[in-house]
Amino acid sequence: MADTSLSPAEARQSAERIKTSWFSALLYRSEALRGYLLMSPTILILTIGIIIPFFILVAMSLWTRDGFGFDTTLTMANYARTWEEPIFGALLQRSFWISGVATVATILVCYPMAYYVAFHVHKNKMMWIILMTLPFWTSYLLRVFAWKVILGYEGVINSGFMSLGLIEAPLEFLLYSQTAVIITLAHAWAASAILPMYVSLEKIDKSLLEAATDLGDGPVARFLRITLPLSMPGIIAASFLIFIPTTGDYITPALLGGPDGAMIGNFIQLQFGPVNNWPMGATLSIVLMLWISAIALVFLFVTKKAQDKIA
Amino acid sequence: MKNDAFISIRNVNKYFGSFQAIDNVNMDIGEGEFFSLLGASGCGKTTLLRMLAGFESTSDGEILIDGQPSADVPPHHRPVNMVFQSYAIFPHLNVADNIAYGLRKHKLSKAQKQEMVDEMLELIKLPGYGKRKANELSGGQRQRIALARALILKPKVLLLDEPLGALDKQLREQMQLELRALQRQVGITFVFVTHDQEEALTLSDRIAVMSGGKVLQVDTPEGLYEAPKTREVASFIGNMNFFQGTVRRNGSSEAAIETQGLGSIPISLEKVTKPDGAPVQVALRPEKFELLEEEPTGGHFVSAKMDKTAYLGERSHYYVTLDGKSEPVAVSSTNQFVARDDARWKEGEPVWLSWSPEAVVVLDAD
Amino acid sequence: MSARGDTGTYIKRPNRPLQIYAVIFLIVLYVPVLFIPMFSFNDSIYVRFPLQGFTLQWYAELWSRDAVWAALFNSVKVGAVVAAISTILGVVAARAITRYRIPGKSALVTFIMMPLVIPGIIFGVALLVLLSRMGVPLSLYTVTLGHLIVCLPFAVATLLPRFEGFDPSMEEASADLGENGWWTFWRVTFPMVFPGVVASLLLTFTISFDEFIMAFFLTGTDATLPMYIWGQLRFPQEFPSVLALSSLILFISFILVFIAQRVGRMGLEDA
Chain A
1 MADTSLSPAE ARQSAERIKT SWFSALLYRS EALRGYLLMS PTILILTIGI
51 IIPFFILVAM SLWTRDGFGF DTTLTMANYA RTWEEPIFGA LLQRSFWISG
101 VATVATILVC YPMAYYVAFH VHKNKMMWII LMTLPFWTSY LLRVFAWKVI
151 LGYEGVINSG FMSLGLIEAP LEFLLYSQTA VIITLAHAWA ASAILPMYVS
201 LEKIDKSLLE AATDLGDGPV ARFLRITLPL SMPGIIAASF LIFIPTTGDY
251 ITPALLGGPD GAMIGNFIQL QFGPVNNWPM GATLSIVLML WISAIALVFL
301 FVTKKAQDKI A
Chain B
1 MKNDAFISIR NVNKYFGSFQ AIDNVNMDIG EGEFFSLLGA SGCGKTTLLR
51 MLAGFESTSD GEILIDGQPS ADVPPHHRPV NMVFQSYAIF PHLNVADNIA
101 YGLRKHKLSK AQKQEMVDEM LELIKLPGYG KRKANELSGG QRQRIALARA
151 LILKPKVLLL DEPLGALDKQ LREQMQLELR ALQRQVGITF VFVTHDQEEA
201 LTLSDRIAVM SGGKVLQVDT PEGLYEAPKT REVASFIGNM NFFQGTVRRN
251 GSSEAAIETQ GLGSIPISLE KVTKPDGAPV QVALRPEKFE LLEEEPTGGH
301 FVSAKMDKTA YLGERSHYYV TLDGKSEPVA VSSTNQFVAR DDARWKEGEP
351 VWLSWSPEAV VVLDAD
Chain C
1 MSARGDTGTY IKRPNRPLQI YAVIFLIVLY VPVLFIPMFS FNDSIYVRFP
51 LQGFTLQWYA ELWSRDAVWA ALFNSVKVGA VVAAISTILG VVAARAITRY
101 RIPGKSALVT FIMMPLVIPG IIFGVALLVL LSRMGVPLSL YTVTLGHLIV
151 CLPFAVATLL PRFEGFDPSM EEASADLGEN GWWTFWRVTF PMVFPGVVAS
201 LLLTFTISFD EFIMAFFLTG TDATLPMYIW GQLRFPQEFP SVLALSSLIL
251 FISFILVFIA QRVGRMGLED A
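Residue numbers (the working numbering), protein chains in the order written: chain A, 1 to 311; chain B, 1 to 366; chain C, 1 to 271.
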């Protein structure tokens, strides 16, 4: 081999003892430390943006309004109010109802689509996935606004049907109602539902279905006994991904809900806006989160029991 | 091949959480040696290799490379280079850029780098491949590029992590010979990790057999095969027959081992240090036995019965049962001078088993 | 739907009703949004059928409005900053998550991903409360912080698969060959995750650009584009120009996200 030696600097360095500072040594030894160092800016942002605000929110929920300021003596008065005054309970119930219906509707409508792409699309699957989920990444506000345009008193449906002679007077129930909110929510969150269900369906080992066919199952039986149970995790995930964010939705009920379709999100916003009762707003937020957690836990428990029974 | 301890591993332990991956390992590796770490998956050999490279730190103990403690030296400062099991060829660079990757720090001119790369390509027998995209090459070619990439930096030690595992048998055997020749040519210390005992035996100057994080024995291939120190090592490499026995001493001039199955075997005094009456095991490789039709007139022999035979083409394996031993004894003999029509051993036939005491290995009792 | 012979899996039989369903689904998914551009060219102040004729006046009018330009610049500024920071943090976090054994890792990941599941209003409200207690005035900076929280999970989610599909021995090989952490990152890691970085930048920019709820609670005097639109919604005569602006926003968002998705999935197995 020809002697193309390394540069003098390199040769010198290899001859010396290699010294490293105590900090570098510590970093080198501890993987956990290196990991945390890397994550530190992220952790900082999370602390400032989520953890600390959350604690202050809890604190504020225990305060009460005092003129333009706060009476910081800790009290559960706000929580008591949410329990006693019927409007809060009613609003929460309505919010969960609306979200629940929207969730069920979305899942029912989207499942066949997810099934189609998972099982019947063989070329350009990526394109289908992108097409299905694209709207979800764009402005939520604008997509809700689109429905306002469609459902309005002089909106697309009404004016369209009228000019086609299908109806004589505009349909009043379309806008500013619970129905409007439900339809809009279902449409807006469809993409969020499809992805987890698709992933779950895609993962099903096709040879399982072939085995079932071999053992005598027709298509309906195959679907009910194999495909559906195995895609359950995706359905459950999709349910959470729609239900939880929509319960606290503000934009949709604000634009289309009217008084009948108002949800807890509107009320929270009011507390921070015109009503100017921030502690109450904080309390409502916490109560909302508690209820969501409770419902989620119950749902998980029930589905787990059901799955145990099937398996 | 000098044997000053070029790499010293002293009392090294490594814990992952509560799991102990390396248990009090001590080892010396000489300069210019082809040294193998041999063991089954999970025995700790790769962990040990990674500690040499600097990707794992030691929990206790120290590792010295060329006299320098490596404790806080990160991988990019060590005079050590590694060939990874997956080869880790950079897909976004071509072959020449891959090989020249580590030269960036050394401030060489473009021409110098080019010359070194071309030299390497010659060495690994891929001349002119410089401009190719690294992704387009076969497994064997990528492995050689990984080698070149490491060797171009003239490391003091080359670490190889099961580099031939992904290759098919023929290519693997060819690469084994090439690797050996390369190591001789370049003269660098190679530390080679493998689970394939044949590979280790073929390539190595010395082998460290590992199991459960411990080093069982460090020896030359012959040493490991002919003189294993424990039952585990003995049965790890090749096949082995074991016989329980007791030491019998007649003063200090003679020693023998009373075995179950082979009778009394005289043993030279260097091989056995235990006192009279101590329990031991005696081990014999299958090929050290000879099968005879008639009772021999001299030497050591015992009568047996043929139990099963297996014809393997180049050799045949026989299993014979003896009095005093519950399991059959494995005997292996070549079919070197056996013609197709020659008479063969039949199952159930009486045979005579003969062996030489020198081939006997004495081990501690279980 | 006849049964063919055994040509591969049984699923090769086309299911006509399902196919039609799929097509209708996509139509229904996109059509509502398409009404916006449709009426943005309508020569009428009323958003209703029948269409009155083609006009570009609503778009032209936007051009002259200072408020629109101001809001646009604000959104772009915030979006760019959010995209840059969240992508950088996303790269670093994704690397830490896939490469290191960190105690408490799953708790960390859960926290990062929380904005994907928990109603946005809660984050907005919580941050508002914190900032007001700290005496920090609301401004584009506070909006940026809010958007960061919302966009970070998307950045991490985009980059995580890139790092997972990436043989860790590459980085080890680079270190072994003499490069320290910094050089290894630029010479090996970054080129290999680059498509993910581009996708993350585009995606987080778009999400921030379109984001409303955090901006709603955290905006000071400078409005982002969605806030501007919200303000205009109370004036029905402004509807057509709002439609025009929305069309532009939707158009840009769709393109950016489309590119992000294409680039983001490049080189990954069906992700």
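One should not assume that every hint holds.
[What the hints assert, rightly or not] FRET-style restraints, in silico, Cβ to Cβ:
id, chain 1, residue 1, chain 2, residue 2, range
1, C, F73, A, Q93, 40 to 46 Å
2, C, D66, A, F55, 37 to 43 Å
3, C, D66, A, F23, 51 to 57 Å
4, C, P37, A, E85, 42 to 48 Å
5, A, A237, C, P236, 36 to 42 Å
6, A, L26, B, F16, 14 to 20 Å
7, A, K304, B, N239, 50 to 56 Å
8, C, F73, A, K309, 30 to 36 Å
9, C, D66, A, N276, 37 to 43 Å
[As the list claims (entries may be wrong)] So these bits of chain C aren't anywhere near chain B, every CB distance computed over 12 Å:
id, residue
10, Y30
11, I45
12, F73
13, D167
Simulated from the structure, these hints should not be mistaken for lab results. Just so you know, these numbers come straight off a predicted model, no measurement behind them. We put the CB at the ideal spot given by N, CA and C, even for glycine.
Here is how each hint holds up against the structure:
1. C:F73 / A:Q93: 40 to 46 Å: Hint holds: Cβ distance 44 Å, inside 40 to 46 Å.
2. C:D66 / A:F55: 37 to 43 Å: holds (41 Å)
3. C:D66 / A:F23: 51 to 57 Å: Holds: the Cβ-Cβ distance is about 53 Å, inside 51 to 57 Å.
4. C:P37 / A:E85: 42 to 48 Å: holds (45 Å)
5. A:A237 / C:P236: 36 to 42 Å: holds (41 Å)
6. A:L26 / B:F16: 14 to 20 Å: holds (19 Å)
7. A:K304 / B:N239: 50 to 56 Å: holds (52 Å)
8. C:F73 / A:K309: 30 to 36 Å: violated (59 Å)
9. C:D66 / A:N276: 37 to 43 Å: violated (31 Å)
10. Y30: Non-interface label on Y30 of chain C holds, nearest chain B Cβ at 37 Å vs cutoff 12 Å.
11. I45: holds (56 Å)
12. F73: The assertion about F73 of chain C holds, with a minimum of 37 Å to chain B.
13. D167: violated (6 Å)
In terms of the numbered hints stated before, the structure departs from hints 8, 9, 13, listed from lowest to highest.
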